[in-house]
Amino acid sequence: ISDRTGLPAILDVVCSTPENARKYLEFAADATEMPISIDFVSEEAGLTGMETAKELDIVDRILLNSINPKTNPSIYDKVREVGIRSAIALTYSTKAIISYKERIKLLDVLIPKMREAGIENILVDTVVLDIATLGLACKAIYEVKERFGYPAGCGAHNAIASWKSLKKKKDKTLSMVCASIANGLPIAIGADFVLYGPINDAKYIFPAISLINAAYAQILMEEGKRPSPSHPRFKISRL
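All residue numbers for the sequence shown refer to the working numbering, where the first residue is 1116 and numbers rise by one.
If you're looking for bench data, these hints aren't it; they were derived computationally from the structure. Don't take each hint at face value.
As a list, the in silico SDA-like pairs of lysine to any residue whose alpha-carbon atoms are at most 25 Å apart [as the list claims (entries may be wrong)]:
1. Lys-1287 - Asp-1316
2. Lys-1350 - Ile-1304
3. Lys-1282 - Lys-1260
4. Lys-1220 - Asp-1118
5. Lys-1260 - Glu-1166
6. Lys-1210 - Asn-1187
7. Lys-1318 - Asp-1286
8. Lys-1350 - Arg-1119
9. Lys-1287 - Ile-1226
10. Lys-1254 - Lys-1285
11. Lys-1340 - Ser-1117
12. Lys-1185 - Arg-1119
13. Lys-1318 - Lys-1350
14. Lys-1220 - Ser-1208
15. Lys-1169 - Tyr-1207
16. Lys-1169 - Asp-1192
17. Lys-1228 - Glu-1166
18. Lys-1318 - Gly-1339
19. Lys-1260 - Leu-1326
20. Lys-1228 - Gly-1198
21. Lys-1287 - Pro-1266
22. Lys-1260 - Leu-1281
23. Lys-1169 - Arg-1137
24. Lys-1228 - Asp-1175
25. Lys-1279 - Lys-1220
26. Lys-1260 - Glu-1235
27. Lys-1285 - His-1272
28. Lys-1260 - Asp-1192
29. Lys-1185 - Gly-1250
30. Lys-1254 - Gly-1299
31. Lys-1254 - Asp-1223
32. Lys-1318 - Glu-1235
33. Lys-1169 - Ile-1226
34. Lys-1185 - Leu-1244
35. Lys-1340 - Ile-1351
36. Lys-1138 - Arg-1119
37. Lys-1318 - Lys-1340
38. Lys-1138 - Tyr-1191
39. Lys-1228 - Ser-1157
All of these numbers come straight from a predicted model, not from anything done at the bench.
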């Protein structure tokens, strides 16, 4: 579906324990050639995940998800040891969760630490926990790009996952529509990526995001810029 829509993708592998970190990454490395995100839930899972990536010789395909203000020194040490070059900076703190301005301030501390650890490619996740924080995350995305110039996005799916009344309705069509809108919102205001949730959602999230990119491409074309042949602008008619 990535090839069909013209949207690049990363496989996010959730690692909750050292055991499943190794098992899942071995499977992912064999199943796909796309970049792989080590989405570690615990410190031990993160350490094992990075070590496994080194053993499998896929470090150049790895995106570490994620580094936050409370990330332990052992993670930074392993990043240096293994040679991880790409990671997500998560702008989360109890103070930042209610303020987009505080999320931006966190980067003043996070980015130098990540650079010192050898991380060259930094993506910024502006944090979504629920519907209210989705709005703040979108504003923060704009500010991150303006001030720092880093690729920015968020886990927009969390706005849907935490919406209890929507879950109670058990209406698949309604949930699909709301998820498409929630994930499309950050992209429409300039986000470079979204963490859209379960991989099964790809079948409707990808076309929704493709539509937005295809629409904006016409602006580029009017300005004399031509998108690449693989851009959604030239794929949308063949979905």
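(request) List, from low to high, the hint numbers that the structure doesn't satisfy. (result) 3, 4, 5, 9, 10, 12, 15, 18, 21, 22, 25, 28, 32, 36, 37
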